[in-house]
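Participant: Read off the chains here:
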Amino acid sequence: MKLQVSHSPHVRDKATTQSIMRDVIIALLPATFAGWYYFGIRAVFITLLSISSCILFEYICRKVMKRNNTIGDLSAVVTGLLLAMNLPVSLPPYMVVIGAAFAIVVVKQMFGGLGNNFVNPAIAARIFLVIAFPKAMTSWTVMTGSWFSIKSVDAVSSATPLTQIHTAEAPSLWNLFIGNKAGCIGEVCILALLIGALYLILRHVIRIWIPMAYIGTFFLLVFFFGKTNVLHFTGDLATLSGWGDLFYESGYMLLSGGLMLGAWFMATDYVTSPLTTKGKLIFGMGCGILTFLIRYYGNMIEGVSFSIILMNILTPHIDEWTMGKPFGEVKENAKV
Amino acid sequence: MSENKMKDAAYRSPDERQAEKNSKYTPKSIFLNGVLYENPALRLVLGTCPLLAVTISAKSSLYMGLAVLFVLTASEAIISLLRNVIPNKVRIPAFITIIATFVTIVQMLISAYFPALNDSLGIYIPLIVVNCILLARAETFASKQKVLPSILDGISMGVGFTLALLMMGSIREILGCGTFFDMQLPLFGDVIEPMMFFMLPPGGFFVFGICICIVQAVMKKQEKHASSKSSTPCGVAGDKSDCLSCGGCSLCKGKEE
Numbered sequence: 000m001k002l003q004v005s006h007s008p009h010v011r012d013k014a015t016t017q018s019i020m021r022d023v024i025i026a027l028l029p030a031t032f033a034g035w036y037y038f039g040i041r042a043v044f045i046t047l048l049s050i051s052s053c054i055l056f057e058y059i060c061r062k063v064m065k066r067n068n069t070i071g072d073l074s075a076v077v078t079g080l081l082l083a084m085n086l087p088v089s090l091p092p093y094m095v096v097i098g099a100a101f102a103i104v105v106v107k108q109m110f111g112g113l114g115n116n117f118v119n120p121a122i123a124a125r126i127f128l129v130i131a132f133p134k135a136m137t138s139w140t141v142m143t144g145s146w147f148s149i150k151s152v153d154a155v156s157s158a159t160p161l162t163q164i165h166t167a168e169a170p171s172l173w174n175l176f177i178g179n180k181a182g183c184i185g186e187v188c189i190l191a192l193l194i195g196a197l198y199l200i201l202r203h204v205i206r207i208w209i210p211m212a213y214i215g216t217f218f219l220l221v222f223f224f225g226k227t228n229v230l231h232f233t234g235d236l237a238t239l240s241g242w243g244d245l246f247y248e249s250g251y252m253l254l255s256g257g258l259m260l261g262a263w264f265m266a267t268d269y270v271t272s273p274l275t276t277k278g279k280l281i282f283g284m285g286c287g288i289l290t291f292l293i294r295y296y297g298n299m300i301e302g303v304s305f306s307i308i309l310m311n312i313l314t315p316h317i318d319e320w321t322m323g324k325p326f327g328e329v330k331e332n333a334k335v
Numbered sequence: 000m001s002e003n004k005m006k007d008a009a010y011r012s013p014d015e016r017q018a019e020k021n022s023k024y025t026p027k028s029i030f031l032n033g034v035l036y037e038n039p040a041l042r043l044v045l046g047t048c049p050l051l052a053v054t055i056s057a058k059s060s061l062y063m064g065l066a067v068l069f070v071l072t073a074s075e076a077i078i079s080l081l082r083n084v085i086p087n088k089v090r091i092p093a094f095i096t097i098i099a100t101f102v103t104i105v106q107m108l109i110s111a112y113f114p115a116l117n118d119s120l121g122i123y124i125p126l127i128v129v130n131c132i133l134l135a136r137a138e139t140f141a142s143k144q145k146v147l148p149s150i151l152d153g154i155s156m157g158v159g160f161t162l163a164l165l166m167m168g169s170i171r172e173i174l175g176c177g178t179f180f181d182m183q184l185p186l187f188g189d190v191i192e193p194m195m196f197f198m199l200p201p202g203g204f205f206v207f208g209i210c211i212c213i214v215q216a217v218m219k220k221q222e223k224h225a226s227s228k229s230s231t232p233c234g235v236a237g238d239k240s241d242c243l244s245c246g247g248c249s250l251c252k253g254k255e256e
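Chains as they are written, first to last, in numbering that gives the first Met the number 0: chain S, 0 to 335; chain H, 0 to 256.
These are calculated hints, taken from the structure and not from any lab test.
The C-beta atom is built at its ideal place from N, Cα and C for all residues, glycine as well.
You may find that some hints are simply not true.
Stated by the list, open to error - The calculated lysine-lysine pairs, modelled on DSSO-like cross-linking and capped at a C-alpha distance of 30 Å, are: (1) Lys134/S <-> Lys58/H; (2) Lys27/H <-> Lys219/H; (3) Lys223/H <-> Lys65/S; (4) Lys62/S <-> Lys27/H; (5) Lys220/H <-> Lys65/S; (6) Lys324/S <-> Lys277/S; (7) Lys62/S <-> Lys219/H; (8) Lys62/S <-> Lys58/H; (9) Lys219/H <-> Lys65/S.
Claimed, not checked - Sample of chain H residues with no beta-carbon within 10 Å of chain S, all distances over it, derived: (10) Tyr112; (11) Thr139; (12) Ser169.
Said to hold, decoys possible - Which chain H residues stay away from chain S? Per the calculated CB distances, all over 10 Å, these: (13) Val129; (14) Ile191; (15) Met194.
The following block holds chain H by itself, in its conformation from the complex (with noise of 0.2 Å):
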């Protein structure tokens, strides 16, 4: 590659020009697939450090991922609008600058607004900045896409990892404590004792284990379906090189056989 070439604010081998024209997204396809098909939580295993450490209540695991959600959101919407104009070389650090922009937004407001909120949520609002999923959105969707689309994209990659942060915090509180956003529930207390197994690490790992499960057997189920009309799973991008910097979802091995 020539130094010219490295030197284009936004150099895009023609291939990839080719790509990005063709790349054939729907608003749907976006949805699902940050929800479903790669889900970051569950189907591409990121962001797994406050997945783990803040589920163990339903209502923190909530919070976090609005939190999530909304830098997710904003950081694609600003790294889409500014792909042009980032230079090659420096992606990384521009688009962590801008990630960390926002994060540093949400803390102050969550902890001017909600400081127990803040307190139960604790350092992993700062380290937003270096979850796995919002560097990856960027590099492989945010920069190559146009900003609704990248909107689009952060909006549903948010809500798949709430959603999983959700199913994860409800089943260890409901287990482990007894109870569901604070609500007591029947059952537990008087004639089950909650397990306190699940609020501990080894019951995040393991109620994690068994949702990647979950998901993976509903998955299998789709793809039977799914390969029986042969559409595309993976369908944001029409080209092959988004799945490989992916990776971590299973969908894509049956296209590039």
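Chain S with its partners taken away, still in its complex shape (with noise of 0.2 Å):
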């Protein structure tokens, strides 16, 4: 007999994998059709081959790799649809593929598959485009052909709402929410992004901690050092027309680029987050400061995914730090 030794706590529940990661779907799939109405049939496109492109290749190094088959588990879909939704729409398709490939292969089954990636596959394979080819990942575009073609001309290039900041074209609140604006394909609709964090949260799939340290952290500093506040007290911007103001660099922040999705759908993966609550809030405090360096001093304009990577390195130092010690422990030099 093999004994198993395991974190606690030791839950007995009904939930698998499968039925997670098909919670984790369920989820997902607002801000995919919000994604695919503001950008059209090739948004569809790009979402399906993503997610036939994982699976397949899932299944190519199972079979190489003579491990058995995971494709069951459903997480090379939820890879596959992470990936779509943080590409934008005018990739072209190899490069799709290549990414897939790069998630999957590199990224999970060669460290061992689910439960053994030391980052999240999805995150790795956006930064890996990033860095590969740096020209199409971070070309916008606004729809303006109609819905159904498939055509990359068929849309204009467009600053991402990120640059666009303290500017005339800059997007109003409301439509950063709704998500009328450029972007990846799956982070420009907030209000969808935020009811499918909200089943994952009714059905306990994900915790709170981590999107709440995450959102808080990033507000708060954008609240106290971005550029409105840093201005106002510096006394070089003489004109704030109220409080609305302070609230609308920090607003715009957040509603602004792939922050939503990452802090809810991203950096609560599973196996690459800590475990512990304190854990979590580390975890998150450390991806806000993170987002907010690079976004405001770093030469990128947008930081969520290397935030969230640089974080999901520590994190098993940070759940070395933040372990809860055992009932009835007593610390190893404590005064009797």
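Two chains, two frames, a set of hints: combine them into the complex.
Facilitator: Following this line, the structure appears as structure tokens:
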């Protein structure tokens, strides 16, 4: 008999990998549909291509490595869906396939499959694509032609809202919220993302700690150290029309880019986030601080994926620092 | 150990002398050892710094490999010639001096006849002096073996390193630039955009890891094949001491147990 030692708590539950993954897929669907609505049939194609190539690579990889078939646990579908949601709609199809191959073969299966990947496969693939094809991955488009047009030329390139802040073209907060803006397929509609996140919270699939710490930290940092406020306090910005201006920048920053998608769906990945509540809070705060630093002081516009992957790498250490001590245990050098 | 023995220029313990006599090496085993079993780059993971830096193109990888091949062969020959003269206590500085001499020669030749190459390889030519491969081979092989085997070892280790560099350089140049030895490849450019990733340091580490992985897989198959025939994989030296000092070769494990 083989005895297995695993982390506590040892909870008996009906949840399986498959059921959890199914819940995640359901939660991602509203945002996916919203992305399809805003970006047209090409977005549908990119999404399906990403999912099917992820499944295919998972199948081939397990076959070649002579391991059991794990398509049934739906984790490859989640990876494919998340990857597609992280891609701009104008991306050439072969790049999607390369991204899927990197996510599944390199990040997931080479490290031993689901549960052994040290970073989130979808984020790692996105970062790989950003570094490999910087131009294609940062060309944003808004749809102009008909919804059914598959060609990417039927769209005009546009700046992501993150570069438009404090300019005349900046979309209104409401447009940012409902998704009427340029961006990746799955990140545009904040409303749909929040609906999905609510579903996950209510189904107890994810805990609120990571997104709360992530979004909260980021909000506070932008509120106190963002451009508006810093200008305000140094007196450079003479006219502030009221409290609204103070909240405008932080609200704008929260609603644009991939922050919501990252905070609710990718930072909360079981495999690559800490186990304890304290650890989750540290993890979320770290993500928030890094995102703020990259967005404001880095030379990249978007920093969500990089900050999550950096915290993913720190996760084992966070777990070590925050591991609870067994009940009744006494400190080694405690006074008796 | 007594003072007298330490003063002896080329002191070797009786065991070591015996091992030297007993060590059965054939030209074939030395060559295979250098190119495959103890490939300095992909099996022993030595010389990683130039490996990651110069492999952005196949051309610079090839020239870097050839420079190392020359320095390695020449310095191993000289060190082997002087192995009975160099005092044990100061052998490392002596090795380094010999290696540095040849590196200086190579650098002067390159800057005189191939100035463009000198620019592209830059600091990595002088850095060959502190390349672990050279010191490792001087310490474990050349200082203990006769001249001809040492020269052969230098050549095979150099060829192994060059092949590893060339393999990585080709992969990185083809995927990262769409060219091979500066020749534009079909398909790349128009259909497939070259991937910047492979020209950057992370791409270097990535390709390095994949190459180690491939060689490891090949070795595993080889090992399985060899275990049925029960040959000694680390065939160069008949004793364990060489294996202990190299330590990087998983093939030794079976032997020690």
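Participant: Confirm or reject each hint.
Facilitator: To see whether the hints hold, each was checked on the structure:
1. Lys134/S <-> Lys58/H: 27 Å, holds
2. Lys27/H <-> Lys219/H: 20 Å, holds
3. Lys223/H <-> Lys65/S: 18 Å, holds
4. Lys62/S <-> Lys27/H: 37 Å, violated
5. Lys220/H <-> Lys65/S: Distance of about 16 Å is within 30 Å: holds.
6. Lys324/S <-> Lys277/S: 13 Å, holds
7. Lys62/S <-> Lys219/H: Judged against 30 Å, a Cα distance of about 19 Å means the pair holds.
8. Lys62/S <-> Lys58/H: 37 Å, violated
9. Lys219/H <-> Lys65/S: Between lysine 219/H and lysine 65/S the Cα gap is close to 16 Å, so the pair holds against 30 Å.
10. Tyr112: 37 Å, holds
11. Thr139: The claim holds: threonine 139/H sits with its nearest Cβ about 32 Å from chain S, beyond 10 Å.
12. Ser169: Correct as stated: the minimum Cβ-Cβ distance to chain S is 18 Å, above 10 Å.
13. Val129: Holds: least Cβ distance 30 Å, greater than 10 Å.
14. Ile191: 6 Å, violated
15. Met194: 4 Å, violated
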